[in-house]
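Enquirer: Going down the list, the protein sequences come from chains A and Z. If you're matching positions, the first sequence starts at 1 in UniProt numbering and goes up one per residue. If you're matching positions, the second sequence starts at 1 in UniProt numbering and goes up one per residue.
Careful: at least some of the hints might be erroneous.
Said to hold, decoys possible - The calculated lysine to aspartate or glutamate pairs, modelled on EDC-like cross-linking and capped at a C-alpha distance of 20 Å, are:
#1 K195/A / D51/Z
#2 K195/A / D48/Z
#3 K195/Z / D119/A
#4 K178/Z / D48/Z
#5 K79/Z / D38/Z
#6 K301/Z / E278/Z
#7 K195/Z / D48/A
#8 K195/Z / D51/A
Said to hold, decoys possible - Derived list of chain Z stretches under chain A, where covered just means 3 residues or more per stretch with a C-beta under 8 Å from a C-beta of chain A:
#9 91–99
#10 102–112
#11 127–135
#12 311–321
Think of the hints as simulated: they come from the structure by calculation, not from any bench. Predicted, not measured: the structure shown is a model, and the values here were computed from it. Glycine included, C-beta positions come from ideal geometry on N, C-alpha and C.
There are 2 protein chains.
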Amino acid sequence: MTALKTDDFMAMKGAGYYSQATIGAKHVMDNAAGLILDALERRPLADDGTDFTMTDMGCADGGTSIDMVGRVLSAVRAKCPSRPIRMVYTDLPRNDFSQVFKNVHGLTGLETYAKSISDLYVFASATSFHRQIVPAGSLDLGHSATASHYITEVPMPIENHVHMVGATGATRDAWRAKGAVDWENFLLNRTRELKPGGFLALFNFGIDEEGRYLGSTGGVSMFDTFDRIWREMAAEGTITEAEVLATNFPQVYRTVEEFRAPLDDPGSPVYQAGLRAEHVETRVVRCPFAVDFERHGDAAKFARAYIPTLRSWSEPVFLAGLSPERTVEERAEIVDAYFGRYEAEVARAPHGHAMDYVHCYMICRKV
Amino acid sequence: MTALKTDDFMAMKGAGYYSQATIGAKHVMDNAAGLILDALERRPLADDGTDFTMTDMGCADGGTSIDMVGRVLSAVRAKCPSRPIRMVYTDLPRNDFSQVFKNVHGLTGLETYAKSISDLYVFASATSFHRQIVPAGSLDLGHSATASHYITEVPMPIENHVHMVGATGATRDAWRAKGAVDWENFLLNRTRELKPGGFLALFNFGIDEEGRYLGSTGGVSMFDTFDRIWREMAAEGTITEAEVLATNFPQVYRTVEEFRAPLDDPGSPVYQAGLRAEHVETRVVRCPFAVDFERHGDAAKFARAYIPTLRSWSEPVFLAGLSPERTVEERAEIVDAYFGRYEAEVARAPHGHAMDYVHCYMICRKV
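Same shape as in the complex, but just chain A (with noise of 0.2 Å):
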């Protein structure tokens, strides 16, 4: 999830809140870690002396992948003694690079792969991933957890919600237009950037053969609620509803079909520049926080860890739809009372409440 600038929060909440915030993520990484070694089991790789590069985009602080990256780059280091690796974190340029650096190099309480792999070089990189990030022709391993959703602009506004899940008509068919023209050029960039035999790991957020994605699947729909509450704030007069209606997620969760559309048309670009869907596949990842609270059943405290994990992200959608003609802390006031009100409402009646994460994930190669 990349839209957050790590630092505001630690310095607002305390150090650990980011991490703690996005175990989920974490937990995601972990347990696909398997689909990308596998992927690399599948190939040969020569120890012939020239650099592996493995980018992760759209990386954040680099904690949540820290345990995974670690695990791959063990595997390449275990099949390609010869060969030195480049590690490529790359966000945007608001990210906070200094904690990825000090995560990735063992200067937090983290454990880190970094000491222990030979021959590493740790970069990192704040071009887009909408643009292209390496040289052509220089990349191995492509990795992306829980970004690709984010687009480079809004289409249009939502009427009726404040995400694309919500929308329909003509308003839906404009974002998943929008959706399908980045992820081509997501793609487009990626395949550039492979070398033939190259590979692509990307765990993205989108909506599975089910219907279901991220929040949706515990009893209540979380982006209904989003979208409830703020709505709830503009008829009560604390916002207007034009700020509702500039609160848009400029986020995209595309089906499995258009996830695989590019990879499979033989007329697309993409296929044509020699990208090929290897392994494509939908899982749900249980919220963390609602099965700590089957276990503990306080309701109070469930709202207290599980607010943090949607606010880490969804928080400057919603401060950057509030008029700028508001002073910054006015803003901060509001979206402290929406989230106040988001939490004393699973505080009052937990029970569907869950962020439960809904990825696709693919494995795709360069031929």
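Model the placement of chain Z on the given structure of chain A, informed by the hints.
Expert: Leaving out everything else, chain Z in the frame of chain A:
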């Protein structure tokens, strides 16, 4: 200058403080860009489609080098239209790499080269220049300005001064020996990184043929003033003698002979690894604030502008010298008082104060 966490200062002082305070360092690089362009001109650069990699080691916020890097990379692009360019900014993990990316990618007021050079890939690394930063044999041009005087650790306290330029006898010998070890190690790591035919452009703080060094040339020695005021505060009981002893700039200023030694001695590991001096000269670049003062003659204005350029890189050293048993607030107050006293001295008797830059400029090639 590498020791400052930019955003601490930005937060304390407001945006622009750092760039303004380091304008002299920018002059040093702008004035010496010709040395790098000449070195490029001297060598045949094949337009063969392979990567061209440049590093800027100890980059701080990337702002001081941005014009120089733009001129150099534009020259590379003109000579070699087919070669992807990797530009790698390096500093310590605590550096504000987000600010580096914002500057280079054009998100601040700074003019940047990034959008006018095609097939360019910008990276950051937080690997210390005392270690290998990029894979062996992958570097075309290693650049570092005003950074390599930082040593890995203080060899012993200096009993009579805060900086090794004031040390004598066995203490000075110990610091010079530490400087020699780190310099040889720095050059060995760079030689491993360089391609054959690749080169280094190192603009190092040092001691020139006439014994001059940073801030010693105006009449009033900057480092002696640093030392005297700190001891005055000890004599008055504001700080302790132990704290004065614990205050040591972790820097060695090397003489031209010391810079050249590993490059000229056929028995040295650096020479044997294939590194040679191609051009060595020293230059004094005048303190821009002292030059301004000659024009405007306003002592208080000079003092206000001058102290930040000292403080931007020296403050962490004084903070680190203070006892960890003091609160953070107490330490900040003491250091505020310290620089306030320095400023009052300059305002009262401005003549002779000047942080003239004394650098040794070296171009080294790998055979």
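Enquirer: If a hint holds in the structure, say so; if it does not, say that too.
Expert: Going down the list of hints, with the structure as the test:
| no. | hint | in the structure |
| --- | --- | --- |
| 1 | K195/A / D51/Z | 15 Å, holds |
| 2 | K195/A / D48/Z | 18 Å, holds |
| 3 | K195/Z / D119/A | 17 Å, holds |
| 4 | K178/Z / D48/Z | 42 Å, violated |
| 5 | K79/Z / D38/Z | 13 Å, holds |
| 6 | K301/Z / E278/Z | 43 Å, violated |
| 7 | K195/Z / D48/A | 18 Å, holds |
| 8 | K195/Z / D51/A | 15 Å, holds |
| 9 | 91–99 | holds (count 6) |
| 10 | 102–112 | holds (count 3) |
| 11 | 127–135 | holds (count 5) |
| 12 | 311–321 | violated (count 0) |
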